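Colleague: Each chain is listed here by its residues.
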Amino acid sequence: MKKWLVKLGLLALAGALGAAWGSFSFFRPKPVTQPIAFNHKKHLAEDISCKDCHQHVEEGVHATLPAVKACLLCHEEAKGSHPDEPKVRDYAKENREIPWIQVNRMVGHVYFSHSAHVKYAEMDCKECHGDMKEKEEAVTVSQVEHLTMGRCMACHEEKGVSNDCLGCHK
Amino acid sequence: MNDLREGSSKPAETHRRSFFTTLAAALAGIFLLPRRLFSSEPARERLRRKWGMVIDLDKCTGCQACVVACRAENNVPVAGPAQTQNDRGIFWMDMLEVSEGSYPDLQRQLTPIPCNHCENAPCVKVCPVGATFINEEGIVAQVWARCIGCRYCTTACPYSRRYFNWQAPSWPETMKNQLNPDVATRPKGVVEKCTFCHHRIRRAREKARAEGRELADADVRTLPACAQACPAEAILFGDLGSPESEVSRLARSPRAMRLLEDLGTHPKVVYLREAKWKE
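Protein sequences, first through last, are from chains Z and U.
Each residue of the first sequence is one higher than the one before, starting from 1 at the first, in the numbering used here.
Each residue of the second sequence is one higher than the one before, starting from 1001 at the first, in the numbering used here.
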């Protein structure tokens, strides 16, 4: 009788763990396929800064994804041997933008201004986005490091910035 | 002492009272003086704003542009005719009719009423989960998702300026792509209210910062959606904390009044109206 109960309990536990794991992987954002396998490491080693491609981080709320004409500044002529490299010129020839897929999205109830953090607070991009100098593969999942409210508030507290709810919440 | 109304009957009392008043003033002076003199952060003190609104009923034509503008700006859901008939419609900015007088001299005053953003807000006091609060600049705000939907606040608010989402928010198909990304939508089961368009204040402040100056009176004068839409400029917005601002000046006008002033809620929405009908 008791053995039977223990067995049932173990089975239920295993089931619950399986369901938790399944739902976790089910709800996790799926990796996307970028149109071009962009290598951050290689580009950042060329003395290009983040702001050169992700423009308007200092003036606006959002950072942007690079326009094809920014790529053409260097890739007008063939460069390197990567199979994706000529694609840049193909897009330009067709007069199309590169259909980058945005992976970093702010949740709907939070207001985050890049200019306030990058320009005025002089924060380094890698404090939130990790060290892109080491990233060789294309960006396929969100590239923001555990941005929790506690982390936002701790930094605001430390720097003497207002922690008023309305400062960040919409 | 030479006060004719009470001085003659109780000279000692008055004497004592004036002594205590002087003493209190002197003590307060001692405590306040060094802070005023040696304050190292004058800029920070300047930040203590108290946003307020002045609505001139003598200018208001009752066109309801403010009601529509508010709805569009703040993603206020459309309840539909049946729900609205059941008093379940949501109006952050509403137009109330106040009738005065009787038949031959009957007059109706259309009164736009947003949340009064009381300094002594009853809704904040009753919230059991701290979802609603008064922010640093006097705005009575709410963290939408923290609301548990108990509706104490809708009952406590003497102006009925709080609305419960009885159903999941919905908009007509044509309006779905017009939702304002600066304002979060509220789910079913939470209360919502006017925020004095705080997202617009934030934007104006960032613009001023980029231009390297302080937020000025002119930046916020018609900042909220209702004020911007008002064709008669009857709604003005500004800082009631600074005595020289336009709204402060208007709030001192003899025409100024606040709704249900006797409740002691100290609203930060001031109405202006000539008391001509009572003559």
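Treat the hints with care, as some may be off.
[Stated by the list, open to error] In silico lysine-lysine, BS3-like type, Cα no more than 30 Å apart, as pairs:
1. Z:Lys135 / Z:Lys119
2. Z:Lys42 / Z:Lys7
3. U:Lys1188 / Z:Lys119
4. Z:Lys7 / Z:Lys51
5. U:Lys1050 / Z:Lys51
6. Z:Lys87 / Z:Lys135
7. Z:Lys51 / Z:Lys3
8. Z:Lys135 / Z:Lys42
9. Z:Lys87 / Z:Lys133
10. Z:Lys159 / U:Lys1176
11. Z:Lys51 / Z:Lys133
12. U:Lys1176 / Z:Lys119
13. Z:Lys30 / Z:Lys51
14. Z:Lys2 / Z:Lys30
15. U:Lys1176 / Z:Lys30
16. Z:Lys126 / Z:Lys159
17. Z:Lys69 / U:Lys1207
18. Z:Lys159 / U:Lys1050
19. Z:Lys30 / U:Lys1188
20. Z:Lys126 / U:Lys1059
[Said to hold, decoys possible] Away from chain Z, derived, C-beta distances all over 12 Å, residues of chain U:
21. Thr1021
22. Arg1071
23. Asp1105
24. Trp1144
Simulated from the structure, these hints should not be mistaken for lab results.
Model, not experiment: these values are computed from the prediction.
In this text, a Cβ means the ideal position worked out from N, Cα and C, and glycines have one as well.
Colleague: Sort out which numbered hints this structure fails and list those numbers smallest first.
Modeller: Hints 2, 3, 4, 5, 7, 10, 12, 14, 20 and 24 are the ones this structure does not satisfy, whereas the remaining hints hold.
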